[in-house]
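Asks: Residue numbering for the sequence shown follows our numbering, starting at 1 and increasing by one per position.
Rather than coming from a laboratory, the hints here were simulated on the basis of the structure. One should not assume that every hint holds.
[Said to hold, decoys possible] Pairs of lysine-lysine residues, derived as DSSO-like cross-links and limited to a Cα-Cα distance of at most 27 Å, are as follows:
1) K299 - K261
2) K217 - K150
3) K220 - K261
4) K261 - K217
Because the structure is a prediction, the values reported are computed rather than measured.
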Amino acid sequence: MVDTARRNADVEGVEGGIGLTALLVAASRAIETHRHDSLARDVYAEHFVRAAPASADWPVRIQQAPDGDANPLWGRFARYFGLRTRVLDDFLLQAVHAGAPRQVVLLGAGLDSRAFRLDWPSGCVIFEIDKPGVLDFKHDVLGGLSATSKAARVPIPIDLRADWVTALTDAGFDTAAPSVWLAEGLLFYLPITAETYLIDTVDQLSTRGSALAYEVKLEKDLLEYRDSSLYTSTEQQLGIDLLNLFDGGPRPDSAGDLQGKGWSTSVHTPFDFTRRHGRGPLPEPNDALEGNRWVFANKSRH
């Protein structure tokens with residue numbers, strides 16, 4: 001099954017730059033899936049990794065990584081992505097099960113397989129927005145596996161720098177109905193104007209009862225962490241220079257902006273959830289994760 005998916009996979013969009021980081025996260029989810037104490041399971045993740053020539057020889061089990069958990073990339077960093085997956089899984093499922101939202105929008109969806117692996121309530125629609133090459137690659141791999149989504153899934157192949165709002169509404173998104181939004185591992189790469197536009201647009205498209213989760217970095221100078229083991233190991237082992245991909249400009253106060261628009265927000269460090277779940281990264285010296293924040297926002301129903 002993997003061989004079929006690999007032969008048919010269109011790797012355009014995931015073979016370099018930011019697209020390659022989607023494979024990094026998929027490999028991390030695969031490693032997490034095979035752990036005896038996994039926080040999140042994604043049986044599709046390793047198939048994405050194996051289907052792309054750039055990542056075909058990457059580890060998908062911690063036992064395959066040099067030095068195992070002591071490896072900064074496949075140990076600590078992969079654990080981070082496993083934790084992030086679990087926390088955002090919980091957020092999405094809680095939002096759709098506890099409230100009115102039945103439409104979920106994944107901004108920069110990448111190789112997200114949540115439409116296939118989470119238990120969605122009846123009537124849910126998952127909109128996945130990303131570049132055509134990324135979604136084509138995902139379609140080919142999942143098609144080769146005969147994967148079946150657990151909710152209505154609507155891929156929207158468009159760059160977020162283009163008119164994705166029109167594409168989303170044309171695809172059936174209802175601006176009058178509550179929605180749940182996720183920007184996972186996206187805003188790092190956007191300049192301040194693009195992040196501000198995205199947050200403002202989500203607010204404009206969201207009626208009361210909607211929810212949003214996203215991830216940001218708060219460092220004023222990312223280069224202060226250029227010698228962090230997470231960054232150096234990612235570049236040395238995979239050739240991915242994350243600092244070169246991240247936008248180095250100042251970040252907007254998006255959580256504060258949302259509060260000013262009537263949203264309630266909570267801001268957490270990843271370490272908050274490490275302590276809650278008992279697994280994941282904890283702070284260390286010269287820590288590239290020090291400035292990472294996970295933001296959760298809800299638009300009041302009243």
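Asks: State for each hint whether it applies.
Replies: Results for each hint:
no., hint, verdict
1, K299 - K261, "holds, 9 Å"
2, K217 - K150, "violated, 32 Å"
3, K220 - K261, "holds, 25 Å"
4, K261 - K217, "holds, 22 Å"
Violated hints amount to a single one, hint 2; each of the other numbered hints is respected by the structure.
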